[in-house]
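Novice: Protein sequences, first through last, are from chains A, B and C.
Just so we're aligned: 1 in my numbering is position 1 of the first sequence, and the numbers increase by one with no gaps anywhere.
Converting from the second sequence to my numbering requires adding 1000 to each position, the first position being numbered 1.
Converting from the third sequence to my numbering requires adding 2000 to each position, the first position being numbered 1.
One thing to keep in mind: the hints can contain errors.
Stated by the list, open to error - Straight-line C-alpha distance at most 25 Å; calculated DMTMM-like pairs for lysine to aspartate or glutamate:
hint, chain 1, residue 1, chain 2, residue 2
1, B, K1111, A, D84
2, B, K1020, C, D2293
3, A, K83, A, D115
4, B, K1315, A, E105
5, B, K1032, A, E12
6, B, K1315, C, E2025
7, C, K2348, B, D1014
8, A, K34, B, E1275
9, A, K83, B, D1231
10, B, K1020, C, E2056
11, C, K2348, C, E2332
12, B, K1041, C, E2126
13, B, K1027, C, E2120
14, B, K1041, C, E2332
15, C, K2350, B, E1012
16, C, K2038, B, D1231
17, B, K1325, A, D103
18, A, K90, B, D1104
19, B, K1041, C, E2123
20, B, K1032, C, D2116
21, C, K2348, B, E1012
22, B, K1032, C, E2112
23, B, K1325, B, D1278
24, B, K1315, A, D101
25, C, K2038, C, E2025
Since the hints were made in silico from the structure, they are not lab data.
A quick note: this is a predicted structure, and the numbers were derived from the prediction, not measured.
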Amino acid sequence: MAVFPSEQWFREVREVYNSDTSLHSGGGGACDSKAGLGIGDKYYKIEFAGLECANVGVCSESDLSEADFIIEMPMDAWVTMIKDVQGNGKASSNQTLNSLDLDHEDGIARSPIDDQYRQDLFYRYNQNFQDFFNASSRVTTTF
Amino acid sequence: MSEAIDMQEQHELDTSWMEKMGEWGAKATPGKRGLTLDDIKVGSYGDLPKNSDNMTGRPRGATARPDAYRVGAYSVHTLSEIWLENAEFLYEEALQRQWSSATDVPWHTLKPLPDAVEEAECLLCTFFNEVEFVAGDVPARWIAKTTPDYLEARNVLSAQVMDEARHMDVFRKRALANGGGLMRMSGATSGFVGSIDLARDFTEMSTRLHISGEGAVLTMFRMGELFGQNDAEKTMYRLCAQDEARHVAFGVMHLRFMGATAPERCEEIECYLDEAEDQLLAGQQNPAGTQSETSEALAILLGGGVEQYDEGHRKLLVIRRRQLKEYMKRVISAGFSTRFENGRSPIPAAYASTN
Amino acid sequence: MSENEPSKDSETAKPIQGVPNPTYEWMGLTNEWGIRVKPGEHGLRLGDVNVGIYGEVPERWEDQTRRPRGALPRPGIPPLPYSLRSKHEMWADCAANLYEEAIQRRWIPATEVPWDLLAELPEDVERSVCQICTELSQCANTELEIITYWQDQMSYGYFEVKQYLATATFDCARHLEVLRKRALSNGGGLGLESRGRVNRMILESSGGWTEAVVYLYLLRGTYLTRLLAGLLEYAHNDAESYIYSHMLEDHARHLTYGYDHLKYAATHHKGGAAIMRTLLAIGEGMFAAEIEDPIVKSAMAIIFGGGIEGGRTFGMERYLLLIREFLQDYLELCSWLGVDREETLHPKLKQYLEI
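Next comes chain A alone, as it looks inside the complex (with noise of 0.2 Å):
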């Protein structure tokens, strides 16, 4: 049983999204990015390569001054929304990431340099970030 957020919990769900290409929804596919989480006051790096979700750890938000983009919510949004995915099996449609920052004035998802080119990859690679938080679904977590 995994914590959220905690890095235990992410590396369970990457495992679990690395193990299962079911997961991997249409759409999706390969993709190259490297961005991060900033879950409350806390902060993660996610880094995909290809078909995978290369790396996800813990880190400062200084070292991710070199992101592509961060996505960012209160403590208590992230839990509504894993909560969402553990009771339904995958994000309803007002709690994918999308949804979300569509629901935020200024989105949930910025780039630390300001470049929207770089911010565009959230829109780019949604599929992918998306398939992967669903797969949260299969790792038992506490909150």
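The hints should help you fit chains B and C onto chain A, whose structure is shown.
Specialist: Quick look at chains B and C alone, frame taken from chain A:
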């Protein structure tokens, strides 16, 4: 008497060409992403001519033959006119991320909708079907005009032609799959002066198509997750959004390259941006524009019905605001930030007025 | 414009300034409503939604706008230069199915070709393979350029064909990519460019798309099928087998469209068959001259013969057999099309049948 060929004489093996081949010994090796177009830019095969004199359509790096026929009247033959630094990357990404409207959209999740909502969705699908016609036709035209020396950039455009065909297809399918039909055409994509398909310069076209037009449509597709009424629609819009983001990326990166390598053209590009912004604000080809019937349809969808039109329109204004903001940031990313600082662009004022 | 009341559902909503009163004048504007096509066992395919008026494909499409077929027109929209507006100028019944098939059978050279299984070949064989890759590259380039040139001129009444051709555009880009990758990944390089007689003939088909298809698919395309099949038969490793087999599959789709279209044109356009006959009479001479060029002939002979030595004898015999098989295919196809060429085949091609 048989005129059978004397095989030995007429079909003697000729190996003289072997000494005239291109640079030899190229051994590109696959990396983590397989063997990509970037990986094969080895030796002189990776050299990009600033000006291409390839008039025969030969592959870049192939040996020219003195007796080859000139077939290429390529109007795009300088690097700055079409190049972008990550062309190889975008092309390979496009190949990886193809999808099928027939099988990747969960059509079985469509359920009958209230009449007004179905009409609104069908109007929007008719509009998007029409808009994607331009986005497919016009890059195709420019492929034929571009020297094969810039194969990587051409291949990205070829991928776009494929993506747009898929978009045309998925919106037509949606309009005809849930008790509706196609509605009236918008006419927004026709041949008005300043429109995408009348552009006589590639960068002019790309500015209007990729940065302005597709940038606005990208926001719309992303919004599909909010106004889509079922999984089929949400999936359809989400998948289209990914493709669209790639096309927008082409435009931004090309403009960035152009600005950096042909600074003498910057003022010209600013004029194209002036026109594109006028169109963005006027609502042409932008269904979230304030004056189009598609904006009424969107407001119905965003609100969830005619009765909630006002609420839907409020959400539409939020979309418009985001379109304008992201447009500005893309143009800044492309290296043309000054226009937002010196008062040339009307977009900052328009953005402020949406607050 | 009026100030609207805030939404009753929202406690914090402010009045929306300047929300235009919707007119809804677009509602009800449709040619046919109530269409509900459900997905079948292969999903929801393009041809499936050709129901009611949406499936009516007229012999002539006068509309020069981007009106989706079945959508209502809008008065006052300026025309666009769609020069191909008759069904016989592009139609093939199989286009919609081929479009879906192309999407389902997509492949990714970077990651699906087992590049690590390429193994060093004798130099003469490697040079020959690279030369053929260069030649085929130029064929793919010509195909890409002629398709994208004409695609832009095809009206939207026959969107199935445009969508299918978008997949062919993408296929050509993929072929350009994979052939270049093969040439640059095994210690070789690119070869000499093609002299380009037939390329020029194809690209100069300015009379119409049908005329281009005669040369592109009936004449040269039928030859390329045999060439690719020969390369597959003599592939040196699994990487080459993968490349050639998948190229052959893509190419087969292109020919299916091409032959189907020519059949439609020959049977639905008065004088169409006679025009084809004229074109072929000229084209056969060009084609015969092209295949006499020693470079492709010798390279293929070396591949078939396993080297220069074998190329002089068995290899050359095998290549000449390939030409004969191509001509037999070609004559049979011409007969099927009602454009019989057996008696009038160009003498320089006829002699290959007599070897």
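Novice: In ascending order, which of the hints set out earlier in this document are inconsistent with the structure?
Specialist: 3, 8, 10, 14, 25
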